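Keeping their order, the protein sequence lines are chains A and B. Sequential numbering from 1 applies to the first sequence in the working numbering. Sequential numbering from 1001 applies to the second sequence in the working numbering.
Keep in mind that the hints were calculated from the coordinates and are not lab data. The reader is advised that the hints may include incorrect statements.
Dumping the calculated DSS-like pairs for lysine-lysine here, alpha-carbon to alpha-carbon at most 27 Å [as the list claims (entries may be wrong)]:
no.	chain 1	residue 1	chain 2	residue 2
1	A	Lys-283	A	Lys-59
2	A	Lys-59	B	Lys-1133
3	A	Lys-392	A	Lys-283
4	A	Lys-392	B	Lys-1089
Each pair of labels, with its calculated beta carbon distance range [unchecked claim]:
no.	chain 1	residue 1	chain 2	residue 2	range
5	A	Thr-270	B	Val-1029	15 to 23 Å
6	A	Leu-185	B	Arg-1014	48 to 56 Å
7	B	Ser-1050	A	Arg-135	55 to 63 Å
A short list of chain B residues far from chain A (calculated; beta carbon distances all over 10 Å) [as the list claims (entries may be wrong)]:
no.	residue
8	Val-1012
9	Cys-1018
10	Leu-1022
Since this is a predicted model, take the numbers as computed values, not measurements. Note that CB positions come from ideal geometry on N, CA and C, so glycine has one too.
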Amino acid sequence: MEWYVALTLLLGSLVALLLLGLPVVFSFFVVNVIGAFYFLGGEAGLGQAIRNAVESVTKFSLAPIPLFLLMGEVMFRTGIAQNAIDAVDRLISRVPGRLSLVAIVGGTVFSTLSGSTLANTAILGSTLMPEMRARGYHPSIAMGPILGTGGIAMLIPPSALAVILASLGQISVADLLIAGIVPGLTMAALFFGYVVVRCRLNPALAPSYNVAEMSLRERLMPFVVYVVPLFGIFVVVVGSILAGIASPTESAALGSLASLVAAAAYRSLTWANFRHALVETAKISVMILFIICASITFSQILAFSGATDGLLKLITAFEPTPLALVLIMLGILLFLGAFMDQLSMMMITLPFFMPLINAAGIDTIWFGVLMLIMLEIGFTTPPFGLLLFVMKGVAPPETTMTQIFAAAFPFILLMLGTVALIIVFPGIATWLPALLRV
Amino acid sequence: MNAAEQRPRSSVGRAYECLHRLLGALVAVAIVFVTAGISLDVIARSFGSSPVPWMLEATEYCLFLATFLGAPWVLHLGEHVRIDMLVDKLPPAAARGVEIAMNVLGLAVSAVLLRYSAAVALNARADGAQVIKELIFPEWWIFAVVVFSSLLLCIEFAVRILNATRVPAHAGPAAGGF
């Protein structure tokens, strides 16, 4: 079978199954079973597929996925995140687009504590949307920053998606986690600047209102009490990696333990909310890990069918420059993001992307950061952007999907702006891990 | 409330619900074990104690067990991620037809996993293959978990097919549960 026929059949049947509503993991398994039988030697191939499935998740490096998710869930369910956002709310006084800025700063703070984009959007949406609505905020300036901060959560450690990408793409987990910090803060600064400028130019977007008069102490104390100690958790996660005390997996376990200790210290940890956090973590972790089960076999089938090699030869025949190559890949991710979830996108593209990246001598950490941002953009692009639906769930009932996308659009452009900045100034992504590696 | 949350009427149904709750609880316990085990290991190490030699492997097996024991539970809850926007736009009868067809496909692929995981387990047992690392045990134990998981996936897909054929077309997709 010619490679392009194999590629079309494999990817075509996968996309068809996904669109017909078969759960993602079973869509991959169907393609794997047929592909293993045809390309990996019949029954022996199927036996190998079973062994691959076991091998793919029996990996210490994947443990941060449930652990980082648990951190976010504990923060969310125990109300610690809510308290932190309230504290940020008090800190920011009368400025244009005040509540939108609270969303960005609060979202950035929560990003240092949570490894889950969905938890980030859900907590900010449910906390700030009602007040934004009551204050007459235009939907574009109310929902946009909340959707945008998901990108920050994906970049700043702890980030479950960064661990999955690093693991599947065979990139250093520690380096990719550290590399996301400066781009995440850059993105937050761009969002902040955009909201201030837009609300100054058009004050009707975010009508100003009198914030309750409070003394400096009243403004600062909640931040000192509810936010500053939480940075200890970030220090535990990132600091333990940097100090060489712990591997990324170990730092994730310490972070989860620290979040539980923090919840207990604030006296907000109950059996009911701990159980709730644990069950939600378990569901999402199983869902992700089971999809990863299909990863090795899917890559093997693509390789054995000649599809990987054929496509790589075709692309390299055009002798694209490294920059052109990266732009093509980012374009493919932008396109796929409109239709697919992040895991499927990674599973389909990484078997092609990583050999090309390595052959072209491109820095894998730098590319990993760019890919993370593109994956996050896929979370917010219609028609299948998951965050759009999360926002629909927490927004006022009359809010339409078109309004939500219109709100997200400027922030998607700002995320693409961050991508452009990282391409022009690669140091934004590579400087910190290189500095800390020395 | 989906079908998985409804109180089952038969004793078989109640036992099936209990089994899934147990699976969910085992996944939760595995996560707690990984969190506590690794943390205590790192803390003990930083105080000069030697690390627990089998902790790394135990974590890996917890991830494996959580994945395969949790997969049928998550399917039962209807929480495996899927793209349902196109199916949602179909007329109810067509959507139900597609739903049943996809569940049949899910059942078929789970049956293949069951068949070949059983073959791999039996081969490993016949060969007397052992996993020899810090923890030593027969290799077929691992594949027996995959067999059990695949069997439960088959049952859950079969239940979903039965439920989908029973409910009226306008009632939307059926979840698992008796």
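Each hint tested on the structure:
{"no.": "1", "hint": "A:Lys-283 to A:Lys-59", "verdict": "holds (19 Å)"}
{"no.": "2", "hint": "A:Lys-59 to B:Lys-1133", "verdict": "holds (14 Å)"}
{"no.": "3", "hint": "A:Lys-392 to A:Lys-283", "verdict": "holds (22 Å)"}
{"no.": "4", "hint": "A:Lys-392 to B:Lys-1089", "verdict": "holds (18 Å)"}
{"no.": "5", "hint": "A:Thr-270 to B:Val-1029: 15 to 23 Å", "verdict": "holds (19 Å)"}
{"no.": "6", "hint": "A:Leu-185 to B:Arg-1014: 48 to 56 Å", "verdict": "holds (52 Å)"}
{"no.": "7", "hint": "B:Ser-1050 to A:Arg-135: 55 to 63 Å", "verdict": "holds (58 Å)"}
{"no.": "8", "hint": "Val-1012", "verdict": "holds (24 Å)"}
{"no.": "9", "hint": "Cys-1018", "verdict": "holds (16 Å)"}
{"no.": "10", "hint": "Leu-1022", "verdict": "holds (13 Å)"}
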